[in-house]
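Colleague: Please construct the entire structure, taking both the sequences and the accompanying hints into account.
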Amino acid sequence: MAWQMAPETLRFCQIYILATLLFSLLAQAIAQISCITQDYYLPSNQQVFNITSPNYPAAYRPGTNCRFRIIAPYGYVVVLNCLFEVYSNTCGTEYFYISRDGDLDFREGETFCTTTNIVRNSYFRPMTVGYYSSAMNTNQQGRFICQAYSQQQPCDCGWTTQTRITNGQEAAKHEYPSMVALRDIGSSQQIFCGGSIVSNRHIITAAHCMRVQPDPRRIIAYVGDHDLSSTTESIFAVQHRIQQIIIHPGYASTADSVVNDLALLITIARIEWSRGVGPICLPLLQAFVNKHYK
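Here the sequence shown stands for residues -31 to -1, 1 to 263, numbered as in mature numbering (1 follows the signal peptide of the UniProt record, and there is no 0).
Wrong hints could be hidden among the right ones.
Estimated spans, in silico, between C-beta atoms of each pair [what the hints assert, rightly or not]:
(1) D74 with L197: 18 to 24 Å
(2) S156 with A238: 20 to 26 Å
(3) Y43 with S226: 40 to 46 Å
Simulated from the structure, these hints should not be mistaken for laboratory data. All C-beta atoms in this analysis are idealised placements derived from N, C-alpha and C, irrespective of residue type, glycine included.
Modeller: Right, here's the structure in full:
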């Protein structure tokens, strides 16, 4: 006669096996998530911050990953010096990432997979570094240490990511970082006017555009974008709501002429600079001294 397990014992064994399996899967999942994104805010006095991988100077655990975002003060950039060490020193399971744009997904960033000393400056305020390990044993391990400090931003207006294009060709992506597209959220028309960024809170546009939509609450300003039909084309694209519209007090429009066709838009949130978003360079006051401009 074949031996049979009692129903209570069978049920207990089934529950035990299931619980053991779930615990094992949970432990593996926890091992994959070593930390959430950690932020470091640098002062403006060039004080050096050390940023290290978990468990440093020991190696980080295999199969883990983490991101570190370093942010300089307004008007400054991040200077970063990192040593990334892989014990086998071969590409395979251990990777170190840097985004000089501060992108958390490391789009348009750099990837390293062997022991490397890396010195980089961020393009603007943020920079992001991170590591990823797909190893499941201690034969493939790594660690890193970075030193970060801030220094003043070398350029405050008028930058571009491309050389100039002429002869009627389409502007390259992010060739003109100061350009803004204005959209009326209550209209089926995608874009009704354009503008240019002049400061972190100000956009200059035409006064007659604000006759089309005088309510700032209904205007969205698109910055850092190129193809508005795509939501993934640009890592710099941001939408800004408008707080206030200021129309030039001398603005006048007739059938024959338009004078002082200027308006200033004040954004609700601060516009952050990036390679794809920045202000135009305004002429110096001295440029107008003998030209009878006001």
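Colleague: Quick check on a hinted range of 18 to 24 Å for D74 and L197, using CB atoms only.
Modeller: holds, 21 Å
Colleague: So the hint says 20 to 26 Å: do the beta-carbon atoms of S156 and A238 match that?
Modeller: With Cβ atoms ~23 Å apart, the hint holds.
Colleague: Measuring from beta carbon to beta carbon, are Y43 and S226 in 40 to 46 Å?
Modeller: holds, 41 Å
The structure is consistent with each of the numbered hints, conforming to all of them.
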